[in-house]
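Protein chains: 2
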Amino acid sequence: MQDIELMKSLTQAGNTKAILLVLDGLGGLPREIGGPTELEAAFTPNMDKLARESSVGLINTVDIGITPGSGPGHFGLFGYDPLKHLIGRGVLEAVGIGMTLTEQDVAARGNFCTVDENGLITDRRAGRISTEECARMVSLIDDIKLPGIEVIVKTVQDYRFVLILRGPRLSSALNETDPQKVGIKPLKLRPLDGSLEARNTADLVNQWVAEASERIRDQKPANMVTLRGWSSEPGLPKFEDVFKMKAVALAVYPMYKGLASLVGMTCVNGLRNLDDQLAVLEQKWTEFDFFFFHHKYTDSRGEDGDFDAKVKEIEKVDAIIPRILQLCPDVLVITGDHSTPAVLKSHSWHPVPIILWAPGMTRSNPDVTGFGESQCLKGALGQFNASNLMKLITAHALRQVKYGA
Amino acid sequence: MQDIELMKSLTQAGNTKAILLVLDGLGGLPREIGGPTELEAAFTPNMDKLARESSVGLINTVDIGITPGSGPGHFGLFGYDPLKHLIGRGVLEAVGIGMTLTEQDVAARGNFCTVDENGLITDRRAGRISTEECARMVSLIDDIKLPGIEVIVKTVQDYRFVLILRGPRLSSALNETDPQKVGIKPLKLRPLDGSLEARNTADLVNQWVAEASERIRDQKPANMVTLRGWSSEPGLPKFEDVFKMKAVALAVYPMYKGLASLVGMTCVNGLRNLDDQLAVLEQKWTEFDFFFFHHKYTDSRGEDGDFDAKVKEIEKVDAIIPRILQLCPDVLVITGDHSTPAVLKSHSWHPVPIILWAPGMTRSNPDVTGFGESQCLKGALGQFNASNLMKLITAHALRQVKYGA
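Taken in sequence, the protein lines are chains X and B. The opening residue of the first sequence carries number 1 in my numbering; numbering runs sequentially from there. The opening residue of the second sequence carries number 1 in my numbering; numbering runs sequentially from there.
Just so you know, these hints were derived from the structure itself, not from any lab. Please note that the accuracy of each hint is not assured.
Cβ-to-Cβ under 10 Å is the rule here; a few derived chain X residues that face chain B [claimed, not checked]: (1) 32; (2) 70; (3) 207.
It should be emphasised that the depicted structure is a prediction, and the values quoted were computed from it without experimental measurement. Idealized CB from N, CA, C, for every residue including glycine.
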């Protein structure tokens with residue numbers, strides 16, 4: 001049985017409350033053989049105490065040996081196996097800048113690129129133009145009209161934008177126009193299935209590309225666009241329907257609110273920092289029973305390659321634990337959506353440490369004295385794929401009935 | 001998503017190099033309760049040092065509680081889940097004696113057996129005749145002709161031979177003729193589907209069996225044949241297409257070259273021992289980027305039930321590690337294709353110890369001081385199925401892009 005269907009059939013409403021505290025990119029690597037990771041180097045007296053009182057372990061948010069992007073990493077944590085629930089890049093880019101998609105929308109990720117006088121691509125990313133330049137380019141093409149539908153163009157980052165078509169009879173069954181190499185022309189849009197909708201959408205987008213190309217042909221630093229990652233709102237089963245917990249996302253960055261919104265979590269806007277997030281956590285405590293609390297900067301400092309700064313971000317989160325515990329959650333999970341070792345300056349495949357704290361409900365791991373990758377090896381949870389995490393959270397929140405008589 | 005498709009979509013070309021060093025049948029058992037296994041008894045200073053500097057763990061090459069044959073064990077290591085990619089026994093026997101199969105071939109494993117005057121089987125293995133006797137029996141039937149196709153018969157080992165039909169309009173959808181018990185006649189060949197090819201092949205093989213039976217009816221120690229394991233070249237996705245690593249097999253025994261060739265690895269012939277294998281490893285270092293290096297005799301001594309001799313084989317391989325490390329591989333994996341405990345004198349289902357060494361890329365396992373089954377329990381890799389190993393190898397070789405945005 002699919003996990004989602006299984007959970008739907010076993011979970012039940014209740015009064016217990018769970019917090020999922022995600023330190024983005026939490027997992028790390030030692031700087032030298034035998035040395036501590038970022039988490040092990042950090043002074044984390046609060047998380048260390050929780051580790052001793054809880055079950056700890058290690059999770060693969062997608063699967064063993066796979067490096068998760070932010071989308072798949074979070075869907076794993078939310079209980080949706082990222083290898084079964086694929087979300088297209090267009091949708092991820094759109095939710096990543098805080099857009100809410102409707103069921104009618106079709107989204108694509110766009111690149112600004114450069115072509116020569118014959119229309120042949122010379123740079124697929126237009127020299128990786130800045131976000132400011134991208135915004136100026138977007139302003140030249142964001143009012144192109146197409147018959148019968150709404151067209152939305154938004155700046156994302158660097159050379160990337162998102163194109164959204166909103167209206168009836170649209171389909172995301174379209175090819176990518178980026179040929180993935182230079183020296184040839186961007187491809188024409190064509191339908192990937194025989195549906196009327198796909199043919200209609202291909203025609204419309206070809207019109208849009210022709211008009212966009214005409215408008216920016218003499219521009220610098222980019223003079224053409226390519227489109228890829230055609231996708232629609234994925235229609236995922238709603239988190240509350242599956243797990244029977246009313247969920248709210250407390251995140252600063254649009255991307256993470258967007259990911260939470262794709263599974264139907266309520267999103268709070270205007271949060272600027274941990275203090276704002278804590279204040280809203282406290283305000284909303286009676287209103288919801290699942291709280292996704294996201295901290296971005298552990299990942300950012302890992303991507304920067306700044307080991308010490310990542311350590312400091314972990315310590316900042318450790319410092320808020322006492323205030324979180326004052327709310328007396330039934331379940332508190334502390335983990336990450338993937339590893340971002342400072343030594344690699346990027347997301348990685350290494351399993352992520354996890355604390356599952358639920359007073360009176362967890363097995364102890366007597367050899368664990370603190371929170372860190374090596375200690376989690378000795379944890380009561382072992383190593384597992386994160387798409388099982390919501391099973392554990394609902395179980396420890398006493399929100400599951402037994403399977404079978 | 002199927003693992004193979006997933007890997008195909010995530011891996012990329014690069015300059016890094018990986019070595020997969022397989023000690024056949026590496027895993028073992030203690031001779032007495034609490035005693036060391038073969039690996040733990042062996043003096044392995046080089047592997048012990050690697051274990052301390054790497055991530056170690058335990059693998060099931062097929063699945064927990066399953067005893068792998070050599071074929072499935074290696075396919076697991078090569079990243080092809082042996083429970084999803086079934087290779088027929090006929091093909092395994094053929095590649096096991098170093099034959100290269102074409103897409104036209106259909107292969108069966110044959111047994112010499114004995115029948116009484118009424119044609120009823122009296123011994124399904126003809127008293128387990130020797131390989132020499134088998135070769136003499138094969139010489140009596142290896143020139144039987146069939147219309148329109150080529151027929152190849154080759155000695156394998158003991159009472160076993162392989163029959164290969166090569167030509168157009170053949171099918172492996174045939175029944176086994178061995179009834180699996182004595183006192184009844186070998187079964188006639190019949191097609192297992194309605195295809196013309198299967199009917200045609202059944203007719204041809206019945207002709208062949210009739211002629212073979214006629215030729216050896218008065219022979220001793222065997223006077224009849226049975227056929228089973230009908231199969232064709234499996235058409236597996238090629239290793240290089242899936243993992244983007246150009247692979248070469250350095251093995252002494254034909255079986256292991258054959259297995260490697262089924263996934264498209266280049267095979268080097270004429271290697272007689274570890275020295276030959278090392279010399280070619282060094283010669284080919286710039287030409288390939290994945291090196292499957294196979295040592296057979298750990299398994300052979302385990303099958304013999306000779307604990308001490310298996311220990312010595314492990315020590316022989318330990319002694320070559322420094323020379324391997326001089327090549328500065330990016331990833332070095334040391335493991336086995338299954339366990340062959342001397343106390344069992346056979347392959348077994350016990351998980352196999354593994355070292356995953358990749359400088360700067362691996363999590364540490366601080367409680368591990370050397371390489372052995374008990375120490376690997378405390379390893380950073382945990383226990384996992386070997387079909388995930390190539391995910392880890394390509395990840396640590398920085399040959400994977402992240403999954404999703």
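Against chain B, with CB atoms and a cut of 10 Å, does the hint on residue 207 of chain X hold up?
-> violated (27 Å)
Supplied contact hint for residue 32 of chain X, tested at 10 Å Cβ to chain B: Because about 9 Å separates residue 32 of chain X from the closest Cβ in chain B, which is inside the 10 Å limit, the hint holds.
Taking the closest Cβ pair, is residue 70 of chain X under 10 Å from chain B? This hint holds: residue 70 of chain X lies near chain B, its Cβ roughly 7 Å from the closest one there, short of 10 Å.
The structure fails hint 3 only (numbered hints given earlier).
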